[in-house]
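*Asks:* Sequence:
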Amino acid sequence: MSRETALERTSKINSIEDPRVIDLCIKRLGLTRPEFDQIVATPPRTFHDYPNNYRLIRRLRWPIQTLSRLNLLPESAYDKYFNCGT
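Using this note's numbering, read the sequence shown as starting at -15 and increasing by one per residue.
No wet-lab data here; the hints were simulated from the structure.
Beta carbons: idealized from backbone N, C-alpha and C, even for Gly.
Keep in mind that a hint or two might mislead.
To be verified - Across the chosen pairs, the derived CB separations fall in these ranges:
hint, residue 1, residue 2, range
1, Leu54, Thr(-11), 55 to 61 Å
2, His32, Asp7, 30 to 36 Å
3, Pro27, Ser(-5), 27 to 33 Å
From just these sequences and the hints, can you work out the full model?
*Replies:* Here is the structure:
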């Protein structure tokens, strides 16, 4: 791809940023434009913002690992929570 072609492609509006596509999504979601703008303006949330058992699971890391090494728990029980993404 030449530089000119790349610059031409990047200068075009991405389809997801097209105002017509955004308006269609708002309509399909049954929202008004101010409601949509309020949702988009909120800061991103993580799982820490919601009730969960994360602290308990982190405290049980070493017992779960030990039980997995002793074959009293399947290795997948440890891998599921502590080796994901590695």
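*Asks:* Look at each hint and say if it fits the structure.
*Replies:* Hints and how they fare:
no.	hint	verdict
1	Leu54 to Thr(-11): 55 to 61 Å	holds, 60 Å
2	His32 to Asp7: 30 to 36 Å	holds, 33 Å
3	Pro27 to Ser(-5): 27 to 33 Å	holds, 30 Å
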